[in-house]
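One letter stands for each residue in the lines below.
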Amino acid sequence: MTRELDMLELRHRGAGPGGAVTPPPREGEAAGGDHETESTSDKETDIDDRYGDLDSRGDSDVAEIPPSLDRTPEILKKALSGLSSRWKNWWIRGILTLTMISLFFLIIYMGSFMLMLLVLGIQVKCFHEIITIGYRVYHSYDLPWFRTLSWYFLLCVNYFFYGETVADYFATFVQREEQLQFLIRYHRFISFALYLAGFCMFVLSLVKKHYRLQFYMFAWTHVTLLIIVTQSHLVIQNLFEGMIWFLVPISSVICNDITAYLFGFFFGRTPLIKLSPKKTWEGFIGGFFSTVIFGFIAACLLSKYQYFVCPVEYRSDINSFVTECEPSELFQLQSYSLPPFLKAVLRRETVSLYPFQIHSIALSTFASLIGPFGGFFASGFKRAFKIKDFANTIPGHGGIVDRFDCQYLMATFVHVYITSFIRGPNPSRVLQQLLVLQPEQQLNIYKTLKTHLIEKGILQPTLKVS
Amino acid sequence: MTELRQRTVREDALPEDKELESEAKIDGETASDSESRAEPAPPPASIDDTPEVLNRALSNLSSRWKNWWVRGILTLAMIAFFFIIIYLGPMVLMMIVMCVQIKCFHEIITIGYNVYHSYDLPWFRTLSWYFLLCVNYFFYGETVTDYFFTLVQREEPLRILSKYHRFISFTLYLTGFCMFVLSLVKKHYRLQFYMFGWTHVTLLIVVTQSHLVIHNLFEGMIWFIVPISCVICNDIMAYMFGFFFGRTPLIKLSPKKTWEGFIGGFFATVVFGLLLSYVMSGYRCFVCPVEYNNDTNSFTVDCEPSDLFRLQEYNIPGLIQSVIGWKTVRMYPFQIHSIALSTFASLIGPFGGFFASGFKRAFKIKDFANTIPGHGGIMDRFDCQYLMATFVNVYIASFIRGPNPSKLIQQFLTLRPDQQLHIFNTLKSHLTDKGILMSTMEDE
Numbered sequence: 001m002t003r004e005l006d007m008l009e010l011r012h013r014g015a016g017p018g019g020a021v022t023p024p025p026r027e028g029e030a031a032g033g034d035h036e037t038e039s040t041s042d043k044e045t046d047i048d049d050r051y052g053d054l055d056s057r058g059d060s061d062v063a064e065i066p067p068s069l070d071r072t073p074e075i076l077k078k079a080l081s082g083l084s085s086r087w088k089n090w091w092i093r094g095i096l097t098l099t100m101i102s103l104f105f106l107i108i109y110m111g112s113f114m115l116m117l118l119v120l121g122i123q124v125k126c127f128h129e130i131i132t133i134g135y136r137v138y139h140s141y142d143l144p145w146f147r148t149l150s151w152y153f154l155l156c157v158n159y160f161f162y163g164e165t166v167a168d169y170f171a172t173f174v175q176r177e178e179q180l181q182f183l184i185r186y187h188r189f190i191s192f193a194l195y196l197a198g199f200c201m202f203v204l205s206l207v208k209k210h211y212r213l214q215f216y217m218f219a220w221t222h223v224t225l226l227i228i229v230t231q232s233h234l235v236i237q238n239l240f241e242g243m244i245w246f247l248v249p250i251s252s253v254i255c256n257d258i259t260a261y262l263f264g265f266f267f268g269r270t271p272l273i274k275l276s277p278k279k280t281w282e283g284f285i286g287g288f289f290s291t292v293i294f295g296f297i298a299a300c301l302l303s304k305y306q307y308f309v310c311p312v313e314y315r316s317d318i319n320s321f322v323t324e325c326e327p328s329e330l331f332q333l334q335s336y337s338l339p340p341f342l343k344a345v346l347r348r349e350t351v352s353l354y355p356f357q358i359h360s361i362a363l364s365t366f367a368s369l370i371g372p373f374g375g376f377f378a379s380g381f382k383r384a385f386k387i388k389d390f391a392n393t394i395p396g397h398g399g400i401v402d403r404f405d406c407q408y409l410m411a412t413f414v415h416v417y418i419t420s421f422i423r424g425p426n427p428s429r430v431l432q433q434l435l436v437l438q439p440e441q442q443l444n445i446y447k448t449l450k451t452h453l454i455e456k457g458i459l460q461p462t463l464k465v466s
Numbered sequence: 001m002t003e004l005r006q007r008t009v010r011e012d013a014l015p016e017d018k019e020l021e022s023e024a025k026i027d028g029e030t031a032s033d034s035e036s037r038a039e040p041a042p043p044p045a046s047i048d049d050t051p052e053v054l055n056r057a058l059s060n061l062s063s064r065w066k067n068w069w070v071r072g073i074l075t076l077a078m079i080a081f082f083f084i085i086i087y088l089g090p091m092v093l094m095m096i097v098m099c100v101q102i103k104c105f106h107e108i109i110t111i112g113y114n115v116y117h118s119y120d121l122p123w124f125r126t127l128s129w130y131f132l133l134c135v136n137y138f139f140y141g142e143t144v145t146d147y148f149f150t151l152v153q154r155e156e157p158l159r160i161l162s163k164y165h166r167f168i169s170f171t172l173y174l175t176g177f178c179m180f181v182l183s184l185v186k187k188h189y190r191l192q193f194y195m196f197g198w199t200h201v202t203l204l205i206v207v208t209q210s211h212l213v214i215h216n217l218f219e220g221m222i223w224f225i226v227p228i229s230c231v232i233c234n235d236i237m238a239y240m241f242g243f244f245f246g247r248t249p250l251i252k253l254s255p256k257k258t259w260e261g262f263i264g265g266f267f268a269t270v271v272f273g274l275l276l277s278y279v280m281s282g283y284r285c286f287v288c289p290v291e292y293n294n295d296t297n298s299f300t301v302d303c304e305p306s307d308l309f310r311l312q313e314y315n316i317p318g319l320i321q322s323v324i325g326w327k328t329v330r331m332y333p334f335q336i337h338s339i340a341l342s343t344f345a346s347l348i349g350p351f352g353g354f355f356a357s358g359f360k361r362a363f364k365i366k367d368f369a370n371t372i373p374g375h376g377g378i379m380d381r382f383d384c385q386y387l388m389a390t391f392v393n394v395y396i397a398s399f400i401r402g403p404n405p406s407k408l409i410q411q412f413l414t415l416r417p418d419q420q421l422h423i424f425n426t427l428k429s430h431l432t433d434k435g436i437l438m439s440t441m442e443d444e
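Just so you know, the sequences run in chain order B and E.
With my numbering applied, the first sequence covers 1 to 466.
With my numbering applied, the second sequence covers 1 to 444.
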């Protein structure tokens with residue numbers, strides 16, 4: 001407990017003087033002052049050499065990068081000015097948590113399109129935060145072209161992914177417009193050409209004394225794109241499957257964060273991992289059980305509503321998204337016979353559950369057991385680069401990446417889970433691809449399908465009217 | 001000049017980082033000196049890997065020509081090796097691609113270790129190779145599922161592996177990820193993250209593109225041979241043109257490249273591509289998609305060549321008509337595509353080479369490794385090929401063929417019955433609209 005107090009003090013203290021630090025371009029000097037022993041000889045040698053030493057030195061030799069300004073709004077500060085600094089931080093954190101949760105509910109109410117925009121916004125902000133850290137680590141503000149190139153690559157990769165999504169889900173809309181048809185047909189080629197333009201610009205922008213830095217930033221950008229952009233698109237794919245596949249996993253991760261924290265706060269004794277000294281085994285296990293129960297209940301509640309359960313579709317007539325359908329078997333109550341020992345405990349023969357609730361146990365288990373590894377990865381990253389938080393976007397919490405670090409593994413898992421266990425390929429995508437084939441191929445496929453359907457009895461042989 | 005180079009060759013018997021750096025500086029000087037004479041000289045390898053046989057045979061020649069000969073002989077050896085592999089068939093080609101991929105990965109990772117002095121990081125070597133295995137498993141699984149569909153359906157364990165393939169791959173990757181997190185050691189966080197990033201970028205570049213090469217191969221061996229040959233031809237032609245006519249430097253990154261070499265190489269490669277595709281389009285074994293035959297349990301390349309590989313008459317535009325004196329010319333349509341491929345190989349391919357040069361300068365290394373005497377590592381030879389492989393794959397997907405019909409049928413069979421019916425009816429109405437399907441043709 002006392003360690004936590006110290007932690008809170010440290011965090012607050014870190015936020016305080018950080019407010020006095022001037023904006024990032026000058027931080028280069030502040031951190032540069034720490035390599036004073038080499039700075040005199042560095043003037044003559046290659047800048048690359050200096051960073052070569054930076055790479056191979058141990059962590060302890062590298063200076064800490066001070067956080068940027070303290071962004072707590074004035075209102076909050078005034079309201080809480082009476083309380084001691086530890087409780088003040090507790091309150092700020094608590095208020096912000098509630099604000100974020102209400103914002104989340106509001107956006108869910110506003111619908112899937114707003115959710116997509118939110119996901120896109122978060123993705124862009126996360127990318128920005130991580131790239132800014134890269135700039136600070138490598139003092140590479142003045143590298144020619146590099147900011148432009150990083151954002152250009154982000155744009156290219158987003159264009160590629162959104163293009164693939166649009167083609168799949170907006171098939172009817174796309175069929176109507178001529179230019180869109182062209183863009184869709186040659187989508188991969190156009191995306192590749194765009195990416196290649198960026199690649200060639202990078203090669204042409206290599207400057208003699210900054211090769212290593214430029215390659216580092218290139219790699220940094222690509223790894224960030226790989227982690228953030230691909231997974232935000234998996235989130236959107238999950239969303240299109242049905243909002244419940246978006247809500248339940250995210251809520252499970254958030255619930256696990258909160259309940260593990262609470263269990264750790266009240267019962268925490270045995271440390272879990274050296275990377276994050278605040279985590280404890282008690283918090284971990286307590287969080288696991290509470291998250292499974294929470295997931296179970298949330299799944300039960302949400303499965304009742306078509307709004308959450310149906311795949312999101314785009315209707316061209318009304319030009320908007322609709323979620324209306326016949327709920328699949330996954331979301332229809334079924335009776336399960338209880339295993340004998342539970343029968344004795346609950347004194348019931350059967351229980352009616354949604355099959356989705358069984359799946360939610362798998363999702364919650366992943367969120368509690370493996371999700372924290374995403375958090376440990378981010379902690380390790382912060383320690384490696386000696387930063388306290390990814391950014392200071394959310395007062396009391398740090399940057400957006402701090403909030404979403406556990407979510408990323410979750411999004412990929414849910415996507416893989418859905419494709420492996422729940423549904424097969426997307427029907428509209430199959431249709432789309434069928435329509436693109438050559439006529440003879442289409443005819444062949446038509447004949448094969450017909451034979452298959454008749455065999456299965458799905459199609460009656462007498463139905464020959466077109 | 002030659003004595004200096006020989007001295008550096010003998011001194012640098014041990015591959016220390018510091019010595020590599022100083023050697024790079026010395027060679028940088030010799031390179032720039034020789035530039036002024038417009039005679040690009042090949043840089044010597046740090047360890048002299050040349051086999052004893054060659055050494056003795058060429059011992060009486062001066063060291064500059066010796067290097068020239070070593071390089072030349074190795075080039076011919078590699079080309080001959082390439083032909084032998086083509087003769088041996090697609091299965092052997094796939095294995096060679098896989099080996100090249102593993103060797104490239106090994107070379108780049110070794111450079112990472114050297115740069116970061118991270119030999120003693122716990123677990124890291126194991127983890128890098130484990131990630132390579134995971135990603136390869138994922139990609140090979142997808143390829144096998146697509147192309148060996150019937151084989152997979154027969155064998156029970158394969159069927160399960162294929163059905164839950166993505167889940168299994170993801171689990172394997174996740175295990176590696178968790179092991180990485182658990183292996184983070186207090187004083188080495190930054191190094192470990194660097195190596196993690198380095199491994200992933202290398203995987204992204206090397207492994208994904210080697211799999212695109214294999215996809216191209218399955219499309220038809222000509223789609224594998226013509227692009228690779230164009231890149232090799234461009235390398236050699238640009239070198240020759242630069243050697244004989246080179247005067248204006250092309251880019252600061254690679255002082256040995258010249259505009260004359262670049263443009264000469266471009267035209268030579270386009271002509272070479274046209275000729276090569278003309279020769280190859282005649283043979284079925286190159287032109288047909290590679291298929292796996294269940295009965296004979298081997299790969300077959302036997303089919304009816306598509307329109308792309310049938311001679312057609314083209315009218316020559318007016319101005320060339322007066323030059324050549326022919327009205328029409330008979331060409332394969334594939335030759336038109338080969339112009340696009342050769343153009344890409346000559347104009348954009350070199351950017352892959354510049355990227356690798358920049359990388360070597362950034363990390364102050366001469367060559368990626370010393371696998372091939374006179375040439376450097378495998379990566380040095382294949383750096384231009386990677387962009388090419390991706391381009392060919394995107395080109396095929398966009399302009400040549402559509403989606404794979406058997407894969408579509410496979411996907412269709414996994415859908416629900418009502419979805420199947422819906423798709424069937426939509427397809428039916430589409431075909432009837434287009435007039436491809438006549439309602440009278442519906443006889444069983």
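Watch out, some of these pointers could steer you wrong.
[What the hints assert, rightly or not] Below 35 Å or equal to it, Euclidean Cα-Cα: the simulated DSBU-like pairs (lysine-lysine) are: (1) B/Lys447 x E/Lys103; (2) B/Lys209 x E/Lys428; (3) E/Lys434 x B/Lys450; (4) E/Lys366 x B/Lys208.
Please keep in mind that the hints were generated in silico from the structure rather than gathered at the bench.
Check the structure against each numbered hint from earlier and tell me which ones fail, lowest number first.
Hints 1, 2 are the ones this structure does not satisfy, whereas the remaining hints hold.
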